[in-house]
Structures are given as structure tokens and as C-alpha cells.
Amino acid sequence: MAQSNFDRRRINGPDESFQPTFESDDEGGSRWKVGDPRKGRMAQEIRPIFLQAGLINQANGSAYIETEKTKIACAVYGPRQSKTTVYNEKGRLNVEVKFAPFSCTRRRVPIRDAEDRSIAVQIQQALVPAVRLELLPKSTIDIFITVIENDGIEGCIAAGSAAASVALADAGIEMLGLVASCSAAIVGNEVWMDPIEEEGQIAAGSLVLAGLPALGTITSVWQTGSMSPDEAIKCMEACQKCCEDIHSVMAQSLLETAQNT
Amino acid sequence: MAAASASVSAASSSDQAEQDALKGLTFQRLHPRAYLERFLAENVRPDGRDLDEWRDVSLIVGSISTADGSALVRLGSTTVVCGVKAEIAEPELDRPLEGFLVPNLDLPAICSPKFKPGPPTDEAQVLSDRLNDVLVSSAVVPTTSLVIEPGKAVWVLYVDATCINYDGNAFDATLLAMVAALKNTTLPKATYNEETGRTVCSRKVREPLQIGRTPTSFSFGIFDRAHLLADPTSFEEPLLDTTVSVVIDETGGLTSVMQLGLGLVGADDVLNKCVDVAQQCWRETRKGVYEAS
Chain D
9 MAQSNFDRRR INGPDESFQP TFESDDEGGS RWKVGDPRKG RMAQEIRPIF
59 LQAGLINQAN GSAYIETEKT KIACAVYGPR QSKTTVYNEK GRLNVEVKFA
109 PFSCTRRRVP IRDAEDRSIA VQIQQALVPA VRLELLPKST IDIFITVIEN
159 DGIEGCIAAG SAAASVALAD AGIEMLGLVA SCSAAIVGNE VWMDPIEEEG
209 QIAAGSLVLA GLPALGTITS VWQTGSMSPD EAIKCMEACQ KCCEDIHSVM
259 AQSLLETAQN T
Chain S
57 MAAASASVSA ASSSDQAEQD ALKGLTFQRL HPRAYLERFL AENVRPDGRD
107 LDEWRDVSLI VGSISTADGS ALVRLGSTTV VCGVKAEIAE PELDRPLEGF
157 LVPNLDLPAI CSPKFKPGPP TDEAQVLSDR LNDVLVSSAV VPTTSLVIEP
207 GKAVWVLYVD ATCINYDGNA FDATLLAMVA ALKNTTLPKA TYNEETGRTV
257 CSRKVREPLQ IGRTPTSFSF GIFDRAHLLA DPTSFEEPLL DTTVSVVIDE
307 TGGLTSVMQL GLGLVGADDV LNKCVDVAQQ CWRETRKGVY EAS
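Protein sequences appear in the order of chains D and S.
Counting in this note's numbering, the first sequence runs from 9 upward without gaps.
Counting in this note's numbering, the second sequence runs from 57 upward without gaps.
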């Protein structure tokens, strides 16, 4: 439902408008029940990833990632001069996430809200340990992420971190390794990897893990919902394994870009 | 020895080429006007095009499943994604038989180093306003076709375009994307329930929009009151004194013309020339651009 804020910097529509509501009997009997197998993939399978670097020529580095219905574009500008007058001996990494208004099922107002910022913080936490910021005093690296189509917030965070890593590498910024990220959800008593939006809604809890497969370290773990510690450990191990596969996809795309230029 | 000296000379010639390229880039950064003037003196532009040549256009529609209609346009390197979302609202009291069409262009920080994150810049606001004018004046989607129940429920079409890569001429690319997205849009069949006052949509039946005219736009810039450049890039744009945009509909007729600045090249007024060049380009390359999707 669109709020009645008159934004004087944009073309405005009517004060209030509502998302269309659909007839309930059109849904059919396709509701998921506990014990049903996953639709379309195996429980441990992640969606196929299409990742290409260097599509935005205005930026220092860029990447575009597509995993079925999640499409994210990422651009890196930097290192450039810090706006602040305070001297900082380590560089700053600034991540901004923006959802296109048509990216979610419900239209998103172009004003940035708390969800955008929390995703940006998660991606920043995943990337900061990997970037050699001590080599860039007084500088800022800006990472801008635009979500063109969104199919599940966990998938968004994972894909965004991967795209940001590849964009940083494309920009030639020194890093300790590529950051790969994967998400998992507990559905029933199974671990389902890379959940989409529908699966995220029926899950009891979900977990997003980011790490450096090249060094075997983990940079960030976010867990939401309810899961027992054993389930959380199982999710983390499954995510780490998937991160290695994702890492090879990322490295392959960077290699192809380097070979083509 | 010969092989070693050959490889050394090859290395030094590639070094020389690199050094030349670096000098060229530095010159471009420090003296952009002089750089452009040097190219125009040879009747060519920095990216190798002729003065009246347009960049290639590629259009992909329908790739975004969360939107009711979508289009992705690449005009050279300028990339614009447009999505249409349909919502339901009450019509205005004095216009009970009209729906709403709300276009907006967003130029976020991702697309160019000159845009900073934050509220829409002047450029984005001006472009959104111009696009709104063109879409309304050419009645791409007649708002009378968006009525569900007169006076009670109408469709609101939010046409949001986001620029992903800004390499000049966002206006042409965005108009193309918006019209293509509207052509691709399908709305669910909606029925208004008199008793509850609510509108319910069908999941199964979707109808395409009623499309009126499908305009295409052609933008020019005048540099130094001496050269008319078609389809300026982001390097050329800040150096232009005047920009002219000509909007042509699907019959080759003129929809609207916008000019910012004095339209003089030498001593002649070039507005008519711009219209002719635009119509010629439309006939040669853009006539079927919306059909291909």
C-alpha cells in the first residue's frame, strides 16, 4: 500500500493506492505441507548462477549477477577521496543497497528504508575483513548495489555479496580473497540451500553465511528465525561447502572478463 | 639476439602505445573542450562515430517477473531498466473516468560518478518531468482505458525507470524503455464488487494494455555554436551549449520538440534540420524497434 507522502521531487500518483487483491479460490491446492519434498530442485542444490563483470563502464569495477529470479547489479567507485575532514588511516568501505520499485511483489516506494540499510550493513560486514583497507588511507570505496528483481531476502544478501566481491576485484582493489556467500533454511527438519521467497516464508529459520573459501575463513553469519544449535551448525557447514562452488564461478567470470579485454 | 631485440622492440612499441593512450586520457581529463575540438576538426567524434550517427539500440522485454511489464534498453553503453507496477486507487473527484500513469526516472549513484546517493538530482527531476509531458501529450496509454468502475476504482500504472549505466542521452533510452514496458504490460482482469466496495482481480485472466501512440525520441546537442552532434555521450554532454530533443510517433509524425538553449549553428537555425535528421534516422533504423520485442 503506497503511503500518502507527497514527494515534491518526483512525479506523484494518487494519494493512496493499493496492491491488487486476488480471488482466493484461484490458488488451487498447491500449498506446501510438512514432509513434502522441495519443488523444482534437490534440498542441497543452489540455483544456477550467471555472473558477469565489467558491464558498467562508468564505474571503476562492476558486476551483474542473476540466479533465476534474483537480478542484482553492483558498481564500485573508488578508492576516492573521503568527504570527511577527519584523518582515517584505514580506508572506509561504504555499501549502499537500493531496491528498484518494481523489484518486489509489492511496489517499493523509492525512499530508502530500514530494510535497505540492514542489508547494506550485512554485506559490508561480509566484505570488510577481505579488503586490504590499510593500504588506502584517507580513501573511501563506494559500493552501490541495485536490486532489479528480488526473490527472497537471503538470496539477495548472498548474491549481493558475491557481486560486490567480483566488482571489487574488477576494480583492481587489493583483497585477501574473494568473498562468497550462501544462504540456507530449515524447513521441516531438512536443510534447504538457497531458499527463494516462498521457501523462506514457510521455513522455521534461515541462515546466511559469508566467507573466504580461498583461506577457509568465515567473515559473517546471520541467523534469523528459530533453529536449534545443531541445525545451525549443519546449515553453516552446508553453506561453507556451497561457497566453494560459488567461488569457482566467481573466479571463472573474472578470468573471462580479463581474457576478453 | 635478433629474437631478443625483436621482443624488446615489440615491448617498447607496446609501451609506447600504452604511453600514448595514457597521454590521450590525461589530455581528455584536463582539457575536455580542446580534446573534443580536435576530433570535430577531423569530422569525427571521440568514439569514432560520424556527427549524425546514432549508437546501436538493443531492447529486451518481459524479463522481470515481479513487474507487470518490463523492458531493458541499451543505447550504446547507456543502460536503463524500466518496470511497470499496477495498483488500484480511487479516481480524482473531478475526473472519475480517468486512471493514472505515473512515470519516474531514477538516476542513482550506481550509474555514474557524478551522481551522489540521496534524493533525486536536478537532472533526474527534469528528465522525469519531460518524460511525463511526452507520455501524457502522446497518450501512449489513454487514461480512460484504465477505469475499472467509473468514480470508484481505477488502475494506477507506476512506470519506474532506473538507469544502471549512464553514458549520455538518458532521455531517449528511457522513453524507449517506458514505451516498450507499457507495451509488454498485462493487467489482471478486475471486477468491482458493489456491495463490499472492493475490487478483486483474477489470477488467471490477464489482458494487455490499450496502447495509443508509440513515440521514439531523438536527441541532439550543439557544440560551440558550430557542430550539431546526434546522440551525445556522457563525455560530450557537459560541453554542449544547446540540446534539442525530437519525439516522433509510429507514423513518422512529429509528437513534440524540446529545445534548451539557442538553436544556432553558425548563423542558421537548425531546428528544422534536426527534425529532418530525426525523421530520416527513424525511417532507417528505429521504425520497427517496438515490434521486434
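Just so you know, the hints here were simulated from the structure itself, not pulled from any lab data.
Don't take every hint at face value.
Said to hold, decoys possible - The calculated DSSO-like cross-link candidates involving lysine-lysine, where the alpha carbons are at most 30 Å apart (straight line), are: (1) 260/S with 245/S; (2) 260/S with 98/D; (3) 146/D with 172/S; (4) 242/D with 98/D; (5) 146/D with 260/S; (6) 172/S with 77/D; (7) 79/S with 208/S; (8) 172/S with 47/D; (9) 146/D with 245/S.
**OP:** May I ask which of the numbered hints given earlier this structure violates, with the numbers listed in increasing order?
**Re:** 2, 4, 5, 7, 8, 9
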